[in-house]
Structure formats: C-alpha cells, structure tokens
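Residues per chain are reported as follows:
2 protein chains.
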Amino acid sequence: MNGMVYIVGAGPGDPDLITLKAVQSLKLATVVLVDDLVNVAILNHCPQARVVHVGKRGGCESTSQHFINRMMISLAELGQTVVRLKGGDPFLFGRGGEEVLALKAAGIPYQVISGVTSGIAVPASLGIPVTHRAFTHGVTFVTGHTQDGQQPNWAALVASQTTLVIYMGIKQLAEIVKNLLAAGMDKSMPCIAIQHGTLETERHVSAPLDFLPMAVKQENLASPAIIVIGDVVRLANTERLLTELEIAA
Amino acid sequence: MNGMVYIVGAGPGDPDLITLKAVQSLKLATVVLVDDLVNVAILNHCPQARVVHVGKRGGCESTSQHFINRMMISLAELGQTVVRLKGGDPFLFGRGGEEVLALKAAGIPYQVISGVTSGIAVPASLGIPVTHRAFTHGVTFVTGHTQDGQQPNWAALVASQTTLVIYMGIKQLAEIVKNLLAAGMDKSMPCIAIQHGTLETERHVSAPLDFLPMAVKQENLASPAIIVIGDVVRLANTERLLTELEIAA
Numbered sequence: 001m002n003g004m005v006y007i008v009g010a011g012p013g014d015p016d017l018i019t020l021k022a023v024q025s026l027k028l029a030t031v032v033l034v035d036d037l038v039n040v041a042i043l044n045h046c047p048q049a050r051v052v053h054v055g056k057r058g059g060c061e062s063t064s065q066h067f068i069n070r071m072m073i074s075l076a077e078l079g080q081t082v083v084r085l086k087g088g089d090p091f092l093f094g095r096g097g098e099e100v101l102a103l104k105a106a107g108i109p110y111q112v113i114s115g116v117t118s119g120i121a122v123p124a125s126l127g128i129p130v131t132h133r134a135f136t137h138g139v140t141f142v143t144g145h146t147q148d149g150q151q152p153n154w155a156a157l158v159a160s161q162t163t164l165v166i167y168m169g170i171k172q173l174a175e176i177v178k179n180l181l182a183a184g185m186d187k188s189m190p191c192i193a194i195q196h197g198t199l200e201t202e203r204h205v206s207a208p209l210d211f212l213p214m215a216v217k218q219e220n221l222a223s224p225a226i227i228v229i230g231d232v233v234r235l236a237n238t239e240r241l242l243t244e245l246e247i248a249a
Numbered sequence: 001m002n003g004m005v006y007i008v009g010a011g012p013g014d015p016d017l018i019t020l021k022a023v024q025s026l027k028l029a030t031v032v033l034v035d036d037l038v039n040v041a042i043l044n045h046c047p048q049a050r051v052v053h054v055g056k057r058g059g060c061e062s063t064s065q066h067f068i069n070r071m072m073i074s075l076a077e078l079g080q081t082v083v084r085l086k087g088g089d090p091f092l093f094g095r096g097g098e099e100v101l102a103l104k105a106a107g108i109p110y111q112v113i114s115g116v117t118s119g120i121a122v123p124a125s126l127g128i129p130v131t132h133r134a135f136t137h138g139v140t141f142v143t144g145h146t147q148d149g150q151q152p153n154w155a156a157l158v159a160s161q162t163t164l165v166i167y168m169g170i171k172q173l174a175e176i177v178k179n180l181l182a183a184g185m186d187k188s189m190p191c192i193a194i195q196h197g198t199l200e201t202e203r204h205v206s207a208p209l210d211f212l213p214m215a216v217k218q219e220n221l222a223s224p225a226i227i228v229i230g231d232v233v234r235l236a237n238t239e240r241l242l243t244e245l246e247i248a249a
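From first to last, the protein sequence lines stand for chains A and B. Going by the numbering used here, the first residue of the first sequence is number 1, and it counts up by one from there. Going by the numbering used here, the first residue of the second sequence is number 1, and it counts up by one from there.
One chain only, chain A, in its complex shape (with noise of 0.2 angstroms):
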C-alpha cells in the first residue's frame, strides 16, 4: 500500500507566510524531509512526524538530489505520508521538478503545493515590489548558480528592461555586476541585496550597481541572500531613497 508525497513551499522565512494548505499537509505528515532554508518554528505544525533535515546548501557538503529523491521514495513505498518541505516555492529554483519527475517514474502518489517565494516576499518586505507600473513591464528570476556554470544572457536581460532578481547569487556577485554593465546596464542602477529576508535576522545593503559588490563584501553579507536590480529598488522603505519617492508621488 503506497504512501504519498507532498512537495511542499514553506515560504520565504517568515514562519506566518506559509499556507492553510502546507499546515494541512504538515498536519498529516508522518515524515518530513526538510531544507536547509526553512524556518524550523514551521516544524511546530507537525509535531507527530518524524524530522529529517536533508540540507542542500551551494557549496557545503549535503544530502544529493539522488538521495533525496531515493528517500522520498522509499518512504512512500513504505505506506508513508511524507512532505519534503522546501523554501521560498518547490517550483522556483526549488528543484521541485526534479523529485515530481521522479516520484511520477515510481508511480507515486504526489500533490504540489506552491509557496511565497522570496524573490517577491523578501523585497516586498522592504517595501520594494517587484513590478510598478511606472518603472518596468515585468520582472525576471533567474539564479546565479547554476547546474553547468553557465552564465544567464545578461545582455537580454538587460535589454528587457525587467526587474532582476537574483538567487542565490552573491558568490558570482562580481561576476554578474561586471557582466550586466559590459551588457550596457547603467552604473547608478539602484540595487539590493537582502540577506535572511522576513526574519528578525534581516540584514540588507543598497548601492549603485557599479559599487554593489563592494558594499556587500563591506557589510560581509552572506547567503541565503536575494539581490533586486532595477528602478523598482528607489521605492524601498530606507532612508535617502523613501523620501526622493514621496516627493515625486
């Protein structure tokens, strides 16, 4: 008798931005796998289930896809109710993908459940949104570690005059900067970078793109962080920058 898994978004940190749905899903959890990027106040909600952490930090040692991916199987074959509970959406640079294709080649039971994702929830929390009407036509996710080293087309992205925002990215930091103003970016393009984003342990640097790099080395930010580019960035809830909106509002 096959179990069932649920690939569950637990938000972006702020243990309140998770859903109706995913507490549910916890609630009937007998076992969940959790990431290295999730509140664990989140666990409070599944206190009958048995806790595994499978973190999969970039860089540090950590449990493999692979492995993630035989475990969860293994559970449900057992009759097991599992929910791998992961960051921010399952479905954003969560890897969701990845575990549903495999549970769908095991032929089992599995139910998706989207999340808050930090790429909008952490800059919102700064009062930044990531689309305004006045400023951009859209905004772009992209992640700047990526499977084969490969870089994004900067350029396009550029040129599409999108909001950017960056996962996991301030280790290519200088990279990416150097990269976006060759692709003809302007230097004063405001920028953030926002580290533990929703949590009281919040830290966060805004600069001119051309001094970004700096600036986070300088305030010694470090991942999990979400870097904003563009325009929308003026609107932030800090200083200098909030009063130059209100005037021009």
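Treat each hint with caution, since some may be false.
[As the list claims (entries may be wrong)] Listed next, the stretches of chain A that the computed footprint assigns to chain B, with coverage defined by at least 3 CB atoms under 8 angstroms from CB atoms of chain B:
{"#": "1", "region": "2 to 14"}
{"#": "2", "region": "20 to 30"}
{"#": "3", "region": "43 to 55"}
{"#": "4", "region": "95 to 105"}
{"#": "5", "region": "135 to 141"}
{"#": "6", "region": "168 to 182"}
[What the hints assert, rightly or not] Subject to a maximum C-alpha distance of 30 angstroms in a straight line, what follows is the list of computed DSS-like cross-link-like pairs (lysine-lysine):
{"#": "7", "chain 1": "B", "residue 1": "K27", "chain 2": "A", "residue 2": "K27"}
{"#": "8", "chain 1": "B", "residue 1": "K217", "chain 2": "B", "residue 2": "K187"}
{"#": "9", "chain 1": "B", "residue 1": "K178", "chain 2": "B", "residue 2": "K217"}
{"#": "10", "chain 1": "A", "residue 1": "K104", "chain 2": "B", "residue 2": "K187"}
{"#": "11", "chain 1": "B", "residue 1": "K187", "chain 2": "B", "residue 2": "K171"}
{"#": "12", "chain 1": "A", "residue 1": "K187", "chain 2": "A", "residue 2": "K171"}
{"#": "13", "chain 1": "A", "residue 1": "K217", "chain 2": "A", "residue 2": "K178"}
{"#": "14", "chain 1": "B", "residue 1": "K104", "chain 2": "A", "residue 2": "K187"}
[To be verified] Distance windows between CB atoms, simulated:
{"#": "15", "chain 1": "B", "residue 1": "L181", "chain 2": "A", "residue 2": "M214", "range": "39 to 45 angstroms"}
{"#": "16", "chain 1": "B", "residue 1": "T63", "chain 2": "A", "residue 2": "L181", "range": "42 to 48 angstroms"}
{"#": "17", "chain 1": "A", "residue 1": "N237", "chain 2": "B", "residue 2": "R133", "range": "31 to 37 angstroms"}
{"#": "18", "chain 1": "B", "residue 1": "D36", "chain 2": "A", "residue 2": "G55", "range": "38 to 44 angstroms"}
{"#": "19", "chain 1": "B", "residue 1": "E200", "chain 2": "A", "residue 2": "P47", "range": "49 to 55 angstroms"}
{"#": "20", "chain 1": "A", "residue 1": "K187", "chain 2": "B", "residue 2": "E77", "range": "27 to 33 angstroms"}
{"#": "21", "chain 1": "B", "residue 1": "R70", "chain 2": "A", "residue 2": "F135", "range": "21 to 27 angstroms"}
{"#": "22", "chain 1": "B", "residue 1": "E200", "chain 2": "A", "residue 2": "K187", "range": "48 to 54 angstroms"}
Just so you know, the hints here were simulated from the structure itself, not pulled from any lab data. Quick reminder that beta carbons are idealized off the backbone N, C-alpha and C, glycines included.
Following the hints, complete the assembly by docking chain B onto the known chain A.
Below, chain B alone, put in the same frame as chain A:
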C-alpha cells in the same frame, strides 16, 4: 486616532493557498476591500468585517485606482482596520506598489502581506515548474495589458531564453505571438493558457506557439488566464507531453 491598512495577497484562487498571516489580518479587519479576482470563499475568515467589492478587471467598468486609494485612506483616518485583499501577490502586477505610495503620502500605517502568485501556482497545479535546471536559467513575468499600451521588449525576452509567464495576455495574444515569432522564437515552442487555475472551474489549452491564438479562440478561453511559454511546458500533466517526459526521465 488612525487605523491601519493591510495590503494582502489572497493567492491564486484555491482558498487554502492563502497564508496564515493573511488570515490573521482578515480576523482583525473591520473593513475588507476586495478585488474581482479574489475567491469569495476567503471572506469566511472575516465574518465580522464589512466587505466592499472594488473590482478592477481590465476592460470592464470598475472602481478607479484613485478612488480605491482615497477609500483606504479615509477609512484608516476614521480608525478602521482595513484589509485590501488582492488576487495572487499584491506586489507582482497587483498595483500594491501604487497603493503603498498613496498610504505613505497620507501618513497611514500599513503592512504588506505577500501571497502566492498565480504565475507560479497556476502552472504548478498542472505539474509545470516555471524553472527547471534542464530547461532554463530563469523565468520572466510580464503583463500583456500595460498602462501605456506599450509592449515589453519581446526580442530581448526571446533572447533571454527564460520561461515566459504572461499575466492578462489573452486579449493581446495574437499580437504577442506575432512579436515572439518575429523575434525568432521557435514556432513549435510549447505553450499553455490556463483559465481559473487552481479552481474546479479550471480550463486550459496547450499548443505550439504558432497555433496558440487559434487554440485559445477555439476553446473560448477568457480572462483571467495565465499563459506559459517555454520548454518547461513539456512537463505538464497532460496526455502526450507527460508520456514523452517520462520516457526522457
């Protein structure tokens, strides 16, 4: 004595895809200003509140943004606890940014509560991850319905090779597709248009890019809909596509 305004994302449709924090704000509300795209089942969380429907659907007669801003401010000045409840996330094509600026200018205390955006959760409900390492470096969210009638830079978006998720694009679909083809996008690029995603009334149509406008017309799909364009659409839980993928996996 001033009240307070919560700018709240109600999620993509499924009433259980709302956050705990949004529910908490609804329980505190004395007045709720609701958009058209919000599932009315969510109002069960605030039986105590006065509910005002302030629809603002593209093309239909509806309450103007200016009037909504004034209503929020007046109610807060009367000491009311106002929840401004918006479909999806308030800061991704939700005009939340504009409402926050109006509140700031009026000196009204406010809080933004992020939600699950339709552009991620609606494709996810059909098995489509907006990003997948094997297919793309990222995803771009754009709107087909812009303030100034201008179009996004489709050529740059094609060159970016990110998944494209288009909000409010049904009316401009023929023109959008023409622009994408002119910009060199493969005419066989997999696409899907999804109406009422995550709800029981959900309907969708999947087609290669050059047939998408005809397919949408034939199936009589209408707003509100999410359109996804990109190789990740191959991962949809739909017939033939699924099978191909399972073989590949």
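_Hints violated by the structure (numbers, ascending)_ = 3, 6, 19, 20
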